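Engineer: These are the residues of each chain, in order.
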Amino acid sequence: MTTVRPAEPVLEAKGLKASYGPIQVIHGIDFVVNQGEVVVILGANGAGKTTTLRAISGMIDTGGSVKLNGEEIVGKNSADVVRRGVAHVPQGRGTFPELTVEENLRVGAYVAPKSANLEEDMQYWYDQYPVLYERREQTAGSLSGGEQQMLAVSRALMSHPKLLLLDEPSLGLAPLIVEGLFEQFAKLNKERGMTLLVVEQNAHLALGIANRGYVLESGEIAISGEASELMNNDAIRKAYLGV
Amino acid sequence: MQLFLQRVIDGLTNGSAYALVAVALVLIFKATTLINFAQGEQAMLGAFFALQLWMWGVPMWGAVIISMILSALLAALIERTLIRPFDPSDHLPLVIVTLGLFLGINALAGLIWRFDPWRFPELFPSGVAFSIGGANVTWYAVCTVLSAIVILGSLQLLLSRTKIGLAFRAVSSNLESSQLVGIRVGPTLQFGWALAAAVGTLGASIYVANPVLSIEPTVMLTVLVFAASAAALGGLDSLWGALAGGLGIGFIQSLLVQYAPFIPTELSLLTAVVVLLVVLFFRPAGFFGTAAVERV
Amino acid sequence: MAARIITAGSTEHRNYKLIVGGLGVLAFILFAFAYIDTASLEIAGNKYNLSIIRVNKAIAFAIAILGLQVIVGYTGQLALGQSFFFGMGAYITAWLVADHSWPYLLTLIVVVPACFIVGMILGIPALRVKGLYLALITLGLAAVFPSLVKLDALSDYTNGAGGKSVSESKLIPPGWLGGGVDAPRGTISNLDRFAEFLQTFPVVGGFFGDGPLSSREEERMWKLILLTLMLVACCWLVSNLIQSRPGRAMRAVRDNETGAAVSGINLASTKTLAFGVASALGGVGGTAYVMEVGIASPDDFAQVIAILFIVGLVVGGVGTISGAIVGAFVIVFVPDWSSSTQELPIVPERWLQGPTGSLILGAGLILLTFVLPGGIVAAYRRLKARFIQIVPGVPTMPSMAAAAEAAIDTTGVDTPTAQEPTGV
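Chains as they are written, first to last, in my numbering: chain F, 484 to 726; chain E, 1016 to 1311; chain H, 21 to 444.
This is chain F alone, in the form it adopts within the complex (with noise of 0.2 Å):
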């Protein structure tokens, strides 16, 4: 596959809202991941980032809009979001500890659609990630961080989505490992033109491999532009690069 641009957007949300319970976390903001484009969502804890994901997802009470190739997913519930083609890798990896790697990547493919082949996926990520092979008959539960977050990727992706969202997938990672990861995002970017839409602490490895930049601050948008500019903000750059 090559990347198609100029782009037409996968994903915008419009005044997206989003609450657990009483009380509202995210205020109405605006947002739009396009075609092939890595997307990333900053800002401090607390700020609503993860949140905007589970929106997304459909695991809490949302309101506003989120349209998915021009179809309203607010109000489906997380299963029909996943159907739809959205791939979720929760905060924490979400692997299933009690199965198998094997097992995760067939989980994986619960809703992939029928022309997929799930040996040839499996082979792929195999080749992708050895160490998965080596340990297809372990459990997940087994498994190291860093290895955890390879299958939950793999797994992710094995439902064949249009958009993979990603939450702090370098959260608890050594740094070598994190790095490593997101050369991989990148290159399923660049290589399979997978569309993502990345939630991150660590503003400086994820601007690197990023289109665009939304900052969040208290369940609203502060900052939008390209990463370049953001790189270059001096407000970013105190907040959230350190420097």
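If you're looking for bench data, these hints aren't it; they were derived computationally from the structure. Being a predicted model, the structure only gives us computed values, none of them experimental. Hints may be right or wrong, so weigh each one.
Unchecked claim - DSSO-like cross-link-like pairs, simulated, lysine-lysine; straight-line CA separation at most 30 Å:
(1) F:K559 <-> E:K1178
(2) F:K500 <-> F:K550
(3) F:K559 <-> F:K497
(4) F:K645 <-> E:K1178
(5) E:K1178 <-> F:K497
Start from chain F and add chains E and H according to the hints.
Structural biologist: Here is chains E and H on its own, set in the frame of chain F:
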């Protein structure tokens, strides 16, 4: 020695029946960390369905299979209407609902079939299959133990080789992630309830088909206690653990009755409760389980 | 209609409490005399008994359910095997009265500490396991109790499957109230005088029977008085416990265990205390039960009784004191009246013979969990709030603490402010 062997065989036979009900408990516990206190009563009702069908002229195994399907449908209905509306992490309402079911189903069976013992058709050939060291092994004993193993094996296959089985295990393992791979959690758990009820019904049918027993609405009250401690012994979330636990409990019960004359037959129930207490206290994950018991 | 608002602690509030209390006591007395023996109600050809025997039974159940309120309702621990302690109390009382000729009430000095200690010991696993595991263990214990008392080794004390009977020992009203032990036949006692006084009323006099009371009636009346006093005492103790420091600790454990622990509450001792108190109340309920029925027999303390207690707990209202009483009456009268119902239009007769009551209770329990999770008491409070609202007064400086308490109370914790003095 002959007596000992006889006791072991009896223990294994009873234990296999406990194991089947224990497996039903385990199936639901695995997926939802809920103990279905009505499991025994659902199984009893299922066995009565089978009896009724048989009395209407359905061949006995056909009756059992139809009643397994009926029980499964009923359980699916129960899950959808009475269990799913509640927050799974809040235990009290769910315990209350299953206790309500316990009471209700027991009373319903009592109203329909009265509290009289009924002869259940013999599901297995009668008589002695073979003797070992002077102890007689009946066909019933052989078939019961084999049934337990066959059923567990098929369950194992179902859960590991089929799509729905894999989905069920995924939901058991990580609820949130299973939603994120597109599994519909509700129907998957409903499948678990249906499966558990079918297995429970088969277990109860086999249990009451014992030539020395009969079926009545109260028959599963004690069996549930045995099954629960078997499940706990096995770890509450392990299928084969439930089988091992069931055999263990049957074995302990059988030997105690024989060799500890100061413990009357009735107190075999107490041994089950003591096992339950000891296991949950000292080894909450049982001997095969992985679940971390909720601790303070 | 706007609700009438009464300020807590005002004269109006005091008058309100006095009126409600007074009406309650009056209703209790009238009830006691009216339904002293075999009063019954006839509806559509079915005869429903209202007799005191059932009321007394309900009172005994209420005390046991009160124990469940402490452990389940206020401490949030799913210890559901209350029939175990109910049976234990009943057997201890039966044994002491029958074999050692103790007076009934004196047996409480053994029952209370014995059940308290056994409850604490059996509660120890709960310090390690909780939630459903605890429910499983305690229901298992409840299942075991009948076979435990049938043990040969204990048959000298429990009389095995036949049950321990104390029927020859009677509860005789004291001389100033009833005829007394030595009173010759035909003596007119104060109870008789009061009954005859009630009988003189026009129209309603007929409800109160005819002529002086028989000695059996007097005994029943005396039992009702004693049991009611026991219940009131237990309610009072529990409501004080709940408001006290350990009681607040229990509620904190129920609402957020981790939060309670990090606030310095000792989880182990709080839970152990709750187990002890709950079990002791179960025992007292058992004593009350034996006082009424005169026998402790194994099957009266089967697992299904433990489940009935839970039905009472939920139907009445989890975490309320009055809920225990309401629930107890429901679990006594629903099965009783349903078995008295011999004919109903539409419903086939065979559905009325057998455990119809249990079916109703089971179905009702499930239904209530959906439509009315707070039980009957919550429904009553909601209804009452439409007519009368009691609000805390404006706090003055010294009573800030009291105001804070009141504020807590309005958030759903059971308040004993409007506690029914009769308990009925």
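Engineer: Does each hint hold? Answer for all of them.
Structural biologist: Evaluated hints:
{"no.": "1", "hint": "F:K559 <-> E:K1178", "result": "holds, 23 Å"}
{"no.": "2", "hint": "F:K500 <-> F:K550", "result": "holds, 14 Å"}
{"no.": "3", "hint": "F:K559 <-> F:K497", "result": "holds, 16 Å"}
{"no.": "4", "hint": "F:K645 <-> E:K1178", "result": "holds, 23 Å"}
{"no.": "5", "hint": "E:K1178 <-> F:K497", "result": "violated, 37 Å"}
Consistency with the previously given hints fails for number 5 only.
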